[in-house]
Amino acid sequence: MILNALRDSLWLTVRLLMIILPLTISYEFLKERGLFSHTKPFFFVGITRAGLLPLITGIVIGLTYGAGVIIHSIKDHNIGRREAFLILLFLSVCHAIFEDTLIFVIIGANGLVLVIARLILAFVLTFCAYKTRLFED
Amino acid sequence: MNEGNLVSRGPLKRGLLSGLSITFMMVKVIVPCYIAIEIIKHFGLIDIISKVCKPFMSIFGLPGEAALCLVAGYFINLYAAIAVLTPLGLPAKDITVVALMLGICHSLTLETPITKKTGANAWLLLLVRVALSLFSGVALKLLWK
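First to last, the sequence lines map onto chains A and B. Numbered according to my numbering, the first sequence terminates at residue 137, and the numbering increases by one at each position without gaps. Numbered according to my numbering, the second sequence terminates at residue 282, and the numbering increases by one at each position without gaps.
It should be emphasised that the hints constitute simulated quantities derived from the structure, not laboratory data. Built from N, CA and C at the ideal position, the CB exists for glycine as well. The reader is advised that the hints may include incorrect statements.
[Stated by the list, open to error] Residues from chain B that face chain A, not an exhaustive set, calculated with beta carbons under 10 Å:
(1) G156
(2) E175
(3) I185
(4) S187
(5) K188
(6) V189
(7) K191
(8) F193
(9) I196
(10) V208
(11) Y211
(12) I213
(13) A218
(14) P228
[To be verified] Straight-line alpha carbon distances no greater than 25 Å define the calculated PhoX-like cross-link-like pairs of lysine-lysine that follow:
(15) B/K230 x B/K191
(16) B/K191 x A/K31
(17) B/K178 x A/K31
(18) A/K131 x B/K253
(19) B/K188 x B/K254
(20) B/K278 x A/K75
(21) A/K75 x B/K178
(22) B/K253 x B/K191
(23) B/K191 x B/K178
(24) B/K254 x B/K191
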């Protein structure tokens with residue numbers, strides 16, 4: 001029983017590794033190519049050009065592994081408390097979008113539903129917070 | 138992650154290294170969680186947990202045992218949730234509902250301190266995530282045909 005579980009869990013890890021490695025490698029290549037300087041800022045939800053690097057890093061690689069870049073770039077570019085909150089609000093709902101989705105897809109989830117639902121929720125929530133100033137601290 | 142160290146290396150090497158460090162962290166979580174669930178299943182505990190959690194989980198159209206997976210995801214991380222979810226063998230719809238709820242809200246013990254460090258209001262964000270996770274579970278259950 002335990003040996004079976006050990007074997008199955010290692011096999012699950014190998015499948016996850018095959019998802020994660022291409023993602024982390026392509027992220028590094030995209031960063032090298034200047035992915036961030038070609039993207040239009042999300043002004044309509046209150047996020048400026050300076051906020052794009054932490055935002056896209058979070059969307060692509062997630063909070064845990066993107067934490068260094070996110071914290072660093074928010075401090076370095078003097079992003080205000082309000083914009084930092086909007087970035088984090090967006091990222092709370094929608095981060096590591098490829099990895100989080102694909103690891104559930106390999107065990108049978110519908111990936112399209114997951115990506116679309118999270119993106120819509122994140123945009124709507126951030127937009128509402130930006131417009132209503134409801135969450136202003 | 139130490140950025141200063143990584144800048145001098147090529148993108149391929151940096152990507153490989155961060156991928157492998159994620160995998161290393163993943164193995165440490167997945168293997169014990171997977172084995173724990175097999176043991177819980179073996180002793181029939183899962184039926185008890187399933188019965189107790191059934192009323193709450195039915196709000197999301199999920200079987201009671203999926204509660205274990207939500208708890209693992211909220212408090213530990215997604216890899217733990219997947220290690221718990223895989224041996225349960227749920228249908229695709231249930232997996233998608235769990236995945237959406239967990240995608241929005243997971244690893245709270247690790248990510249809340251990270252959001253705090255950026256200077257944003259971490260407690261408010263925590264509340265938003267939990268509420269939205271529960272809401273999206275109900276919404277997806279109702280919308281899925």
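Each hint tested on the structure:
Using the Cβ-Cβ criterion of 10 Å, the hint placing B/G156 at the interface with chain A is satisfied: the shortest such distance is roughly 4 Å. For B/E175, the suggested interface contact is upheld, since its CB lies about 4 Å from the closest CB of chain A, less than 10 Å. Interface restraint check for B/I185: the shortest CB-CB distance to chain A comes to about 19 Å, outside 10 Å, so the restraint is violated. Hint on B/S187 is violated. Least Cβ distance to chain A is approximately 19 Å, over the 10 Å limit.
Restraint check, B/K188 versus chain A: the minimum CB separation of about 23 Å is more than 10 Å; hint violated. With 10 Å as the threshold, the beta carbon of B/V189 stays out of range of chain A, its nearest partner Cβ sitting at about 24 Å, so the hint is violated. At a threshold of 10 Å, the smallest CB-CB gap from B/K191 to chain A is about 22 Å, leaving the interface hint violated. Below 10 Å, beta-carbon pairs count as interface contacts, and B/F193 has none with chain A, the closest being about 21 Å; its hint is therefore violated.
Annotation: interface hint on B/I196 violated; nearest CB of chain A at approximately 18 Å, more than 10 Å. Using the Cβ-Cβ criterion of 10 Å, the hint placing B/V208 at the interface with chain A is not satisfied: the shortest such distance is roughly 17 Å. Interface restraint check for B/Y211: the shortest CB-CB distance to chain A comes to about 13 Å, outside 10 Å, so the restraint is violated. Below 10 Å, beta-carbon pairs count as interface contacts, and B/I213 has none with chain A, the closest being about 12 Å; its hint is therefore violated.
For B/A218, the interface hint holds, the least distance from its beta-carbon to any beta-carbon of chain A being 9 Å, beneath 10 Å. The criterion of a C-beta within 10 Å of any C-beta in chain A is met by B/P228, whose closest approach is roughly 8 Å, and the hint holds. Restraint check for B/K230 and B/K191: satisfied, since their Cα atoms lie roughly 17 Å apart, inside the 25 Å limit. With a CA separation close to 46 Å, the supplied pair B/K191 and A/K31 exceeds the 25 Å bound.
Restraint check for B/K178 and A/K31: not satisfied, since their Cα atoms lie roughly 45 Å apart, outside the 25 Å limit. About 23 Å separates the Cα atoms of A/K131 and B/K253, which keeps this hinted pair within 25 Å; it holds. Between B/K188 and B/K254, the direct Cα distance comes to roughly 40 Å. Violation of the 25 Å bound is thereby established for this hinted pair. Of the pairs offered as hints, the one joining B/K278 and A/K75 is violated, with about 40 Å between alpha carbons and a cut-off of 25 Å exceeded.
Annotation: proposed proximity of A/K75 to B/K178 is violated, straight-line Cα distance about 48 Å (limit 25 Å). Annotation: proposed proximity of B/K253 to B/K191 is violated, straight-line Cα distance about 35 Å (limit 25 Å). A hinted pair counts as satisfied when its Cα atoms are at most 25 Å apart, and B/K191 with B/K178 qualifies at roughly 17 Å. Restraint check for B/K254 and B/K191: the C-alpha separation of about 38 Å exceeds 25 Å, so the hint is violated.
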